[in-house]
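Going down the list, the sequences are from chains A and B. Residues 1 to 410 (my numbering) are what the first sequence spells out, left to right. Residues 1 to 410 (my numbering) are what the second sequence spells out, left to right.
Because the hints were derived from the structure by calculation, they are not lab data. Certain hints may be false.
Which copy? The list can't say, so a pair holds if one copy fits it or any two copies do.
To be verified - Here are the simulated DSSO-like pairs of lysine-lysine, each with C-alpha atoms no more than 30 Å apart in a straight line:
#1 K59 <-> K82
#2 K75 <-> K59
#3 K385 <-> K364
#4 K75 <-> K392
#5 K25 <-> K300
#6 K253 <-> K78
#7 K9 <-> K138
#8 K75 <-> K18
#9 K138 <-> K364
#10 K54 <-> K376
#11 K75 <-> K25
Treat the numbers as computed from the prediction; the structure is a model and nothing was measured.
There are 2 protein chains.
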Amino acid sequence: MPEVSDRGKAMPDSPIRKLAPLAEKAKERGVKVYHLNIGQPDLPTPPEALAAIKNIDRKILEYTPSEGIRSLRQKLAKYYHKFNIDVEADDIIVTTGGSEAVTFAFMSTLDPGDEIIVPEPAYANYEAFAIVAGAVIKSIAATIDDGFALPPVEEFEKLITPKTKGIMICNPNNPTGYLYTREEMNKIRDLVKKYDLYLFSDEVYREFCYTGSPYISAFHLEGIEQNVVLIDSVSKRYSECGLRIGALISKNKEVRRNVLKFCQARLSPPLIGQIAAEASLDADPEYMLNNYNEYVNRRKFLIDGLNRIEGVYSPIPMGAFYTVARLPVDNADNFCSWLLSDFEYEKQTVFLAPASGFYTASDKGMDEVRIAYVLKKGDLAVCLKILEEALKVYPGSKVRKSAPIKESVE
Amino acid sequence: MPEVSDRGKAMPDSPIRKLAPLAEKAKERGVKVYHLNIGQPDLPTPPEALAAIKNIDRKILEYTPSEGIRSLRQKLAKYYHKFNIDVEADDIIVTTGGSEAVTFAFMSTLDPGDEIIVPEPAYANYEAFAIVAGAVIKSIAATIDDGFALPPVEEFEKLITPKTKGIMICNPNNPTGYLYTREEMNKIRDLVKKYDLYLFSDEVYREFCYTGSPYISAFHLEGIEQNVVLIDSVSKRYSECGLRIGALISKNKEVRRNVLKFCQARLSPPLIGQIAAEASLDADPEYMLNNYNEYVNRRKFLIDGLNRIEGVYSPIPMGAFYTVARLPVDNADNFCSWLLSDFEYEKQTVFLAPASGFYTASDKGMDEVRIAYVLKKGDLAVCLKILEEALKVYPGSKVRKSAPIKESVE
Numbered sequence: 001m002p003e004v005s006d007r008g009k010a011m012p013d014s015p016i017r018k019l020a021p022l023a024e025k026a027k028e029r030g031v032k033v034y035h036l037n038i039g040q041p042d043l044p045t046p047p048e049a050l051a052a053i054k055n056i057d058r059k060i061l062e063y064t065p066s067e068g069i070r071s072l073r074q075k076l077a078k079y080y081h082k083f084n085i086d087v088e089a090d091d092i093i094v095t096t097g098g099s100e101a102v103t104f105a106f107m108s109t110l111d112p113g114d115e116i117i118v119p120e121p122a123y124a125n126y127e128a129f130a131i132v133a134g135a136v137i138k139s140i141a142a143t144i145d146d147g148f149a150l151p152p153v154e155e156f157e158k159l160i161t162p163k164t165k166g167i168m169i170c171n172p173n174n175p176t177g178y179l180y181t182r183e184e185m186n187k188i189r190d191l192v193k194k195y196d197l198y199l200f201s202d203e204v205y206r207e208f209c210y211t212g213s214p215y216i217s218a219f220h221l222e223g224i225e226q227n228v229v230l231i232d233s234v235s236k237r238y239s240e241c242g243l244r245i246g247a248l249i250s251k252n253k254e255v256r257r258n259v260l261k262f263c264q265a266r267l268s269p270p271l272i273g274q275i276a277a278e279a280s281l282d283a284d285p286e287y288m289l290n291n292y293n294e295y296v297n298r299r300k301f302l303i304d305g306l307n308r309i310e311g312v313y314s315p316i317p318m319g320a321f322y323t324v325a326r327l328p329v330d331n332a333d334n335f336c337s338w339l340l341s342d343f344e345y346e347k348q349t350v351f352l353a354p355a356s357g358f359y360t361a362s363d364k365g366m367d368e369v370r371i372a373y374v375l376k377k378g379d380l381a382v383c384l385k386i387l388e389e390a391l392k393v394y395p396g397s398k399v400r401k402s403a404p405i406k407e408s409v410e
Numbered sequence: 001m002p003e004v005s006d007r008g009k010a011m012p013d014s015p016i017r018k019l020a021p022l023a024e025k026a027k028e029r030g031v032k033v034y035h036l037n038i039g040q041p042d043l044p045t046p047p048e049a050l051a052a053i054k055n056i057d058r059k060i061l062e063y064t065p066s067e068g069i070r071s072l073r074q075k076l077a078k079y080y081h082k083f084n085i086d087v088e089a090d091d092i093i094v095t096t097g098g099s100e101a102v103t104f105a106f107m108s109t110l111d112p113g114d115e116i117i118v119p120e121p122a123y124a125n126y127e128a129f130a131i132v133a134g135a136v137i138k139s140i141a142a143t144i145d146d147g148f149a150l151p152p153v154e155e156f157e158k159l160i161t162p163k164t165k166g167i168m169i170c171n172p173n174n175p176t177g178y179l180y181t182r183e184e185m186n187k188i189r190d191l192v193k194k195y196d197l198y199l200f201s202d203e204v205y206r207e208f209c210y211t212g213s214p215y216i217s218a219f220h221l222e223g224i225e226q227n228v229v230l231i232d233s234v235s236k237r238y239s240e241c242g243l244r245i246g247a248l249i250s251k252n253k254e255v256r257r258n259v260l261k262f263c264q265a266r267l268s269p270p271l272i273g274q275i276a277a278e279a280s281l282d283a284d285p286e287y288m289l290n291n292y293n294e295y296v297n298r299r300k301f302l303i304d305g306l307n308r309i310e311g312v313y314s315p316i317p318m319g320a321f322y323t324v325a326r327l328p329v330d331n332a333d334n335f336c337s338w339l340l341s342d343f344e345y346e347k348q349t350v351f352l353a354p355a356s357g358f359y360t361a362s363d364k365g366m367d368e369v370r371i372a373y374v375l376k377k378g379d380l381a382v383c384l385k386i387l388e389e390a391l392k393v394y395p396g397s398k399v400r401k402s403a404p405i406k407e408s409v410e
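The following block holds chain A by itself, in its conformation from the complex (with noise of 0.2 Å):
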């Protein structure tokens, strides 16, 4: 039997997906499992798109552009303009998800053992995509004593050698809900300038800002205009994660040329998806403006039920609908594991994404979770009353499990 390849050997377990066998196991036991792992909103498609779907008069479902269907890039660049992103159709190549974007960037811009540095907690997959283009990540941990803002300047440079090609942030932060600020992403820009890298910028939760501090986009930092390489995706926006529809938008024409290499190689990206992608832009502004006030509504409540749990600790996410928060367990891998496996409340669990596999470095991050607010307020309720009860009673547990008071009878 020939052997597999150390690469895929190389490859990280996704740590949003890696208990799931756990879970189905407890579902098999008849125990009600809430999923705040994983960024699937419960949250409606826009109607616009489901029609879309509903009227397609088409005999053969063909083929799209490799760089996808010219109206779709064309009505994409107007949605960026509203955002002051000053980029045009030719710019922007559509991807089949933002994953298959953040791989076609790496693919295209950096060579085996080439570097990027990656503010951590961060979005796991960009490891992943790391190892398939054979790059290595060079991390700087954000803390959560800090609310995982940018770690100083200085701490980037200490990393930064000849095989330095970029830096990767995610803004709004999957999964921290950070938000750069200006002045953090002056600095960014400085540093891009000063030592001449690609700025990698996943914005795709842009339209989740809930702290009235503006989103900067790596596209609004001037002078660097030839290093950004946006990341997109329509599918935490219209709550379309199924169709497989994102973008990589460039205006450095040679990386763009290599894109397009790389999309012709798999020859189109979804024609659905991209039919579906076009129409919700179209959008009613009163369901963005809906599927936001429910966001900012389930952050207040997620974070002050979570700060309110004895020896847990949130900070107030800014962006995005997620959180990362300290509890006081040994491990979090094996508190995560422990609830689907071994815990149950009124026959219910939770499903939390430990969020050591959020850090490339394998100390960080282990008494840490992730938490996705993509459940409704009713269900968060009920999350955070399951989450207190598997503190006071699981066996890792730090929190004082304080001797009963004897109460004095009269």
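Guided by the hints, dock chain B onto chain A, whose structure is given.
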């Protein structure tokens, strides 16, 4: 401006798509362009698939499992059983097109520098996917004079080194239409067994075998069940190229475990494509038969027509819907460009794919083109006429330009 990757620079331009800008310009000049360059059938998608899309009754277009929807995988298993391919749902991983299946097969089994042997001419993107994986293709040329039969096993053995990890075949073959015989497949099996190699077998055209010779799947070969990685796609079978649904099938758990990690990183194959693909498996047998008969007729018409043109030679393809033909020209790349840029016949021209792009060796296929018979007979008749007229006036034509015969006038 930072440098793009060498890997991206090494990626080949698609031989199928690289001349597309010339075709666009021809269309702008008002010239009708017949596309025989690309495997995009003009036959209808099954009505069952179109109906399934119209009937989608979901409010949220969610991720599916990374390995694909279970009911689709179960139904695919049943489909394969009809071809005596003994696989179960658990052996099948749904991919985003056959393209992703090849990519993940390579990524999961090959490390940078590993070698695979590919008989050529071969589907051009195998080379692209090998570059993605950092793997090296060692090619053996099949020849038009042998009708593109499998080259002698001794030729394969000459190429085997400690780095050799696999053999990649496409059967029925794109671009040649060749169908490997039982004897040839057994020779491949013996090689695979002797050197413990992977056998990557792209069998997306299995429904289209025209000569009564049996279709031999790699999974029909005894004793190498753990070595086979089968590639499939619904694109050609059901004229569903735009859905982007394929499959990777392996009975080797280690391979599947690695593949699944790449699948998890990209989260999910397209939801709607999977729904439509599942419905397609219920397509009326009449539908399949009509398509089959249509290709049978086109094949005969095209090949007869080609071989009637002076200096043109096409072997008789046994399957798929392509042929590689030899043309009486100095250089088929130049000729195909010239057809689009400098030639028209009654305001029409034809887009052919130069065969050089289907060989990795730089000196092969210089007077060959791939022709896809994806258009109706009436259109093929026009294309044959265009080709005939073009060869009369192409400056690099090798057809004897005889002086006009003087007719005796009484």
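To see whether the hints hold, each was checked on the structure:
Proximity of K59 to K82 under the C-alpha cut-off of 30 Å is restricted to the inter-copy arrangement: shortest distance 27 Å between copies versus 36 Å within a copy. Taking the closest pair of Cα atoms, K75 and K59 come within 30 Å of each other both inside a single copy (25 Å) and across two copies (24 Å). In the homo-oligomer, the alpha carbons of K385 and K364 lie at most 30 Å apart inside one protomer (27 Å), although the nearest pairing across protomers, at 70 Å, exceeds that limit. Taking identical chains as interchangeable, the C-alpha atoms of K75 and K392 are never at most 30 Å apart, the minima being 52 Å within one chain and 46 Å between chains.
For the identical chains of this complex, K25 and K300 are neighbours neither inside a copy (32 Å) nor across copies (56 Å), given an alpha-carbon limit of 30 Å. With identical chains, the CA atoms of K253 and K78 are at most 30 Å apart within one copy only, with a shortest distance of 20 Å there and 47 Å across copies. Taking the closest pair of Cα atoms, K9 and K138 come within 30 Å of each other both inside a single copy (20 Å) and across two copies (25 Å). In this assembly of identical chains, the alpha carbons of K75 and K18 lie at most 30 Å apart only when taken from different copies (26 Å versus 37 Å within one copy).
Taking CA atoms no more than 30 Å apart as the test, K138 paired with K364 passes inside one copy only; the shortest distance there is 14 Å, against 44 Å between copies. Within a single copy, K54 and K376 get their C-alpha atoms as close as 28 Å, and across copies as close as 29 Å, so both meet the 30 Å cut-off. In this assembly of identical chains, K75 and K25 lie within 30 Å of each other by CA distance solely across copies; the values are 24 Å between and 44 Å within a copy.
Of the numbered hints given earlier, the model fails hints 4, 5; all others are met.
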